[in-house]
Amino acid sequence: EEVTFSPAQPELAAEPAVLRACADGGANRLYHITEGNNESFLPDYISGDFDSIRPDVKEYYKVKGCELIETPDQDFTDFTKCLQILQKKIEEKGLQIDMIVTLGGLGGRFDQVMASVETLFHATNITPTPVIVIQECSLIYLLQPGKHKLHVNTGLESKWCGLIPVGNPCDNVTTTGLKWNLTNHVLKFGTLVSTSNTYDESGVVTISTDKLLLWTMGIKNKQNA
Amino acid sequence: MERVFTPLECLLPTGNLTFCLLILNQPLDKGYFHPLWSKAVLRACADGGANCLYHITEGNNESFLPDYISGDFDSIRPDVKEYYKVKGCELIETPDQDFTDFTKCLQILQKKIEEKGLQIDMIVTLGGLGGRFDQVMASVETLFHATNITPTPVIVIQECSLIYLLQPGKHKLHVNTGLESKWCGLIPVGNPCDNVTTTGLKWNLTNHVLKFGTLVSTSNTYDESGVVTISTDKLLLWTMGIKNKQNA
Chain U
1 EEVTFSPAQP
11 ELAAEPAVLR
21 ACADGGANRL
31 YHITEGNNES
41 FLPDYISGDF
51 DSIRPDVKEY
61 YKVKGCELIE
71 TPDQDFTDFT
81 KCLQILQKKI
91 EEKGLQIDMI
101 VTLGGLGGRF
111 DQVMASVETL
121 FHATNITPTP
131 VIVIQECSLI
141 YLLQPGKHKL
151 HVNTGLESKW
161 CGLIPVGNPC
171 DNVTTTGLKW
181 NLTNHVLKFG
191 TLVSTSNTYD
201 ESGVVTISTD
211 KLLLWTMGIK
221 NKQNA
Chain D
1 MERVFTPLEC
11 LLPTGNLTFC
21 LLILNQPLDK
31 GYFHPLWSKA
41 VLRACADGGA
51 NCLYHITEGN
61 NESFLPDYIS
71 GDFDSIRPDV
81 KEYYKVKGCE
91 LIETPDQDFT
101 DFTKCLQILQ
111 KKIEEKGLQI
121 DMIVTLGGLG
131 GRFDQVMASV
141 ETLFHATNIT
151 PTPVIVIQEC
161 SLIYLLQPGK
171 HKLHVNTGLE
181 SKWCGLIPVG
191 NPCDNVTTTG
201 LKWNLTNHVL
211 KFGTLVSTSN
221 TYDESGVVTI
231 STDKLLLWTM
241 GIKNKQNA
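Going down the list, the protein sequences come from chains U and D. Residue numbering for the first sequence is 1 to 225, as defined by the UniProt record's numbering. Residue numbering for the second sequence is 1 to 248, as defined by the UniProt record's numbering.
None of these hints come from the bench; they were simulated from the model. All values derive from a computational prediction rather than experimental measurement. Every residue, glycine too, gets a C-beta built ideally from N, C-alpha and C. Take the hints with a grain of salt, since some may be wrong.
Claimed, not checked - Which stretches of chain U does chain D cover? Using the computed rule of at least three CB atoms under 8 Å from a CB of chain D, they are:
id: 1; region: 134-146
id: 2; region: 153-166
id: 3; region: 181-191
id: 4; region: 210-219
Stated by the list, open to error - Selected chain D positions facing chain U (Cβ under 8 Å, derived; list incomplete):
id: 5; residue: L129
id: 6; residue: R132
id: 7; residue: D134
id: 8; residue: M137
id: 9; residue: A138
id: 10; residue: F144
id: 11; residue: S161
id: 12; residue: G185
id: 13; residue: P188
id: 14; residue: V189
id: 15; residue: K211
id: 16; residue: T218
Make the full structure from the sequences, and use the hints.
Shown next as structure tokens:
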């Protein structure tokens, strides 16, 4: 069974997000970017251990009626816990969701970037919905073992892409649609990692992998899109 | 045999550490660029790293000339390339597309270390941990290849993060320079580690598995000992935070 996907699709979506959440300090970012009009950008909930959210920001959203869910468990990151809550709400509301889009997680502290990748590994057990992570010009998406078809012709793709065997070697990877394709190839740190790859003209990339494999791609700067 | 190491020793204003400096194509941190540059015995730029060097030394470029600039030269600005060429810096074009500019720069560095008969304790790389996600992963991949390129430990630093690839075996890291920030982690990039034991961390491991999807040690921190020991059966990436220079 082949999974078909347009990673850059949410940017084109005519419909707004159906559920919006912040993980801890993500609320600070939301508050900042919506300054002057905070009221029009209220998340459905804010979850986390609340060691990053500013007290005034927390108070603001609390007063406005946003749900605040404290998740003190130190065994999981705020991102993972936020995802668990999201899936619960999706089920409670009986929503049909195509994708979960995460903003942030790919910059700053290196350990936290790796923690974002780790959350994608756990996401498989949390939700059946594909989870993508976007920050600045990068997107990451964890491919399950099997066949995948990615549509990369939204016009929002920048030139680069890659396949990163982050947690484990992949013994059998085959691709089409890339400039440097693989045919039953091994991807493994210390042997071969596909970075600075790019697309052919087809607008479609297919990937067949025997193990979990991280897809990464560039997003055009909004000014250039 | 235990490998003993002080990851942030290169940032200390004093000391006997002999190291080389390699500059990649990412914004340079003013906080520690100058101390690193002044103490390095060999200094190189990988392609667009030369742009970053040129920018951060603006007004005094002449006093900060790298020993060489290598790469496929698709990132270096033509005016920057010309400036350093005129000033006598060696420009080494490495068009091979199978390896990144970072990897190739490291190969050249090792060659020069050997030619000059230098005893080098560490290779310090600035940049490589920010920007495009694929390029961050490519930096990690270069650390895997570094084992076959040079016997010298290679660290990568950008902003507040450092990464260093631990070989299988035992390691003792001194983390008491005063420049360490609170966080650290052990990341099984590339392969699971089946048997990891640590001391000196807040959340230690005892013969534990580290594996993406099972357990990855992030947001860890130190106990008061100032020393972290790590024993690992496979290659394992150590990462830690560096204090902002103003707060150091």
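Status of the hints after comparison with the structure:
1. Counting residues of the region 134-146 of chain U whose beta carbon lies closer than 8 Å to any beta carbon of chain D gives 5, which reaches the threshold of three, so the coverage claim holds.
2. Beta-carbon proximity to chain D at under 8 Å applies to 6 residues in the region 153-166 of chain U; the threshold of 3 is reached and the given coverage holds.
3. Requiring three or more residues with a Cβ within less than 8 Å of a Cβ of chain D, the coverage given for the region 181-191 of chain U holds, as 3 such residues are present.
4. Coverage of the region 210-219 of chain U by chain D holds in this model, with 3 residues showing a Cβ closer than 8 Å to a Cβ of that chain against a need of three.
5. The restraint placing L129(D) at the interface with chain U holds, with a minimum CB-CB distance near 6 Å, inside the 8 Å limit.
6. Interface restraint check: R132(D) against chain U, minimum CB-CB distance 6 Å, threshold 8 Å, status holds.
7. Restraint check, D134(D) versus chain U: the minimum CB separation of about 4 Å is within 8 Å; hint holds.
8. For M137(D), the interface hint holds, the least distance from its beta-carbon to any beta-carbon of chain U being 5 Å, beneath 8 Å.
9. Taking 8 Å as the C-beta contact cut-off toward chain U, the hint placing A138(D) at the interface holds, the least distance being around 4 Å.
10. Among the interface hints, the one on F144(D) holds; its C-beta lies about 4 Å from the nearest C-beta in chain U, closer than the 8 Å criterion.
11. Satisfaction of the interface hint for S161(D) is found here, the shortest Cβ-Cβ separation to chain U being roughly 4 Å, below the 8 Å cut-off.
12. Of the supplied interface hints, the one on G185(D) holds, with its beta-carbon coming within about 4 Å of a beta-carbon of chain U, less than 8 Å.
13. Because the beta carbon of P188(D) sits about 7 Å from the nearest beta carbon in chain U, less than 8 Å, this interface hint is met.
14. Hint on V189(D) holds. Least Cβ distance to chain U is approximately 6 Å, under the 8 Å limit.
15. Contact between K211(D) and chain U, as hinted, is supported at the beta carbon level, the nearest pair being about 6 Å apart and thus within 8 Å.
16. For the restraint placing T218(D) at the interface with chain U, the shortest Cβ-Cβ distance is roughly 4 Å, inside the 8 Å limit, so the hint holds.
This entry satisfies every hint, going by the numbered hints stated previously.
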